[in-house]
Amino acid sequence: MKINFPKILNSAREGLELAQDVLSRLQTDSAVVLDFAATERMTPSYANAFIMTLMAEMSSEQLKERLVLQNLSPAIIARINRSIERYKNGVRLSNQPQVA
Amino acid sequence: MIESINSLPDSGDFSGESIKWDILNLAARIKSNQTLEGIDLSNSMHLKPYSVACLAGIGAYCKDVNQAPLQIVVPSNQECYEHLSRLGFFKYFNHQYTVLPQRKTNVPIEQLFDLNRVGDFAHKAISVWAGQIDDCLVNIPSELQNLLDEIIRNAVTHSESPIGCIVVGQALPESKYVDISVVDFGQTIRSHLKLNPKYSCIASDAEAILKATEEAVTGTVGLNKFGEPNSGEGLSQLRNFCEQGLGILSILSGDCYIVFAPKSEPQIVNFYRGFQGCLVNVRFFVNKPLTLDDTNRILWQD
Chain A
1 MKINFPKILN
11 SAREGLELAQ
21 DVLSRLQTDS
31 AVVLDFAATE
41 RMTPSYANAF
51 IMTLMAEMSS
61 EQLKERLVLQ
71 NLSPAIIARI
81 NRSIERYKNG
91 VRLSNQPQVA
Chain B
1001 MIESINSLPD
1011 SGDFSGESIK
1021 WDILNLAARI
1031 KSNQTLEGID
1041 LSNSMHLKPY
1051 SVACLAGIGA
1061 YCKDVNQAPL
1071 QIVVPSNQEC
1081 YEHLSRLGFF
1091 KYFNHQYTVL
1101 PQRKTNVPIE
1111 QLFDLNRVGD
1121 FAHKAISVWA
1131 GQIDDCLVNI
1141 PSELQNLLDE
1151 IIRNAVTHSE
1161 SPIGCIVVGQ
1171 ALPESKYVDI
1181 SVVDFGQTIR
1191 SHLKLNPKYS
1201 CIASDAEAIL
1211 KATEEAVTGT
1221 VGLNKFGEPN
1231 SGEGLSQLRN
1241 FCEQGLGILS
1251 ILSGDCYIVF
1261 APKSEPQIVN
1271 FYRGFQGCLV
1281 NVRFFVNKPL
1291 TLDDTNRILW
1301 QD
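Residue numbers (this note's numbering), protein chains in the order written: chain A, 1 to 100; chain B, 1001 to 1302.
Honestly, the hints are just simulated from the structure, not real lab data.
No incorrect hints appear here.
Simulated pairs of lysine-lysine, DSS-like, Cα-Cα distance not exceeding 27 Å: (1) B:Lys1198 to A:Lys88; (2) A:Lys88 to B:Lys1211; (3) B:Lys1194 to B:Lys1225.
Take these sequences, add in the hints, and give me the full structure.
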């Protein structure tokens, strides 16, 4: 299953919804492919909502195997990696259990 | 009562040398000012974005909330008058005005109430402002678009402002920077943060502003009013950006403002009138290199 994205990704709600959609699809699909070829920028709000929601439900190994992110610009890679690092450092979304 | 704005110039970067205190003081208490009937700008020569944003916000508040549009005495200085006119300033007041043709270098004052137009506005505005500066480095505009996007989202989401937020910007090509101001007349940063029990003990507006610019600090518990989770990165990223040497950030809320400048400790300045809302003013230096993480793989792919 492949999803294409628009030029600007800046809504935390959309990031949350995308993560929920991906998680739902991975219950039946072996993998999900997300193509960011058309995406010029991604805000921290979007990236955090998307990545942290995924990481709360799946391990890094599972995400590496089953979630394919294609055509990422260096800036968007940096943005996604920043969200991953924050999650690994204990930062959580406001709707997630907080790390003490 | 007609409030006259003096002709003193201002630095525009909240450096403290000269700031339009008369405008800030007027904006600070607009929600409780029942006697204001108009503003006299006849002596105004040049108004920085934060001044224009505050004045437009005052006009919007009186027009939309008080249902009593203010009179405006326009600047005698023709250049100042035309600048304000091209920004669409006079629509916030009870004033017959001629709409001057927009220039490609203009971005009219924007008033935003919800999140739907934030992305497109930030994209267009930064493209126009940064596009005027020859030495603007190639990866700067998208980063500034993200930062502006986040500043506006903060204001629209957290402020509970009856006028939404007002955004004004200006590029200064000779000086290689872009000034942007976002103002709202809602709750202070302290009031918002204290909604989160983790921060209920915050005792001052200065403490609140400093806390709000730290990593992972948010007043949101659960989802915010737009159904979104927050994680407290926007203002801390903006502060880091400026302290790295890429800008100067000033945040005014409640009884103080704080300036975050390159390679210096935050400068806390009292604002005794007390600003009922929040003003975020940023000066972005668009010709300074931005260091991006050069990893070309997603971390969990390693």
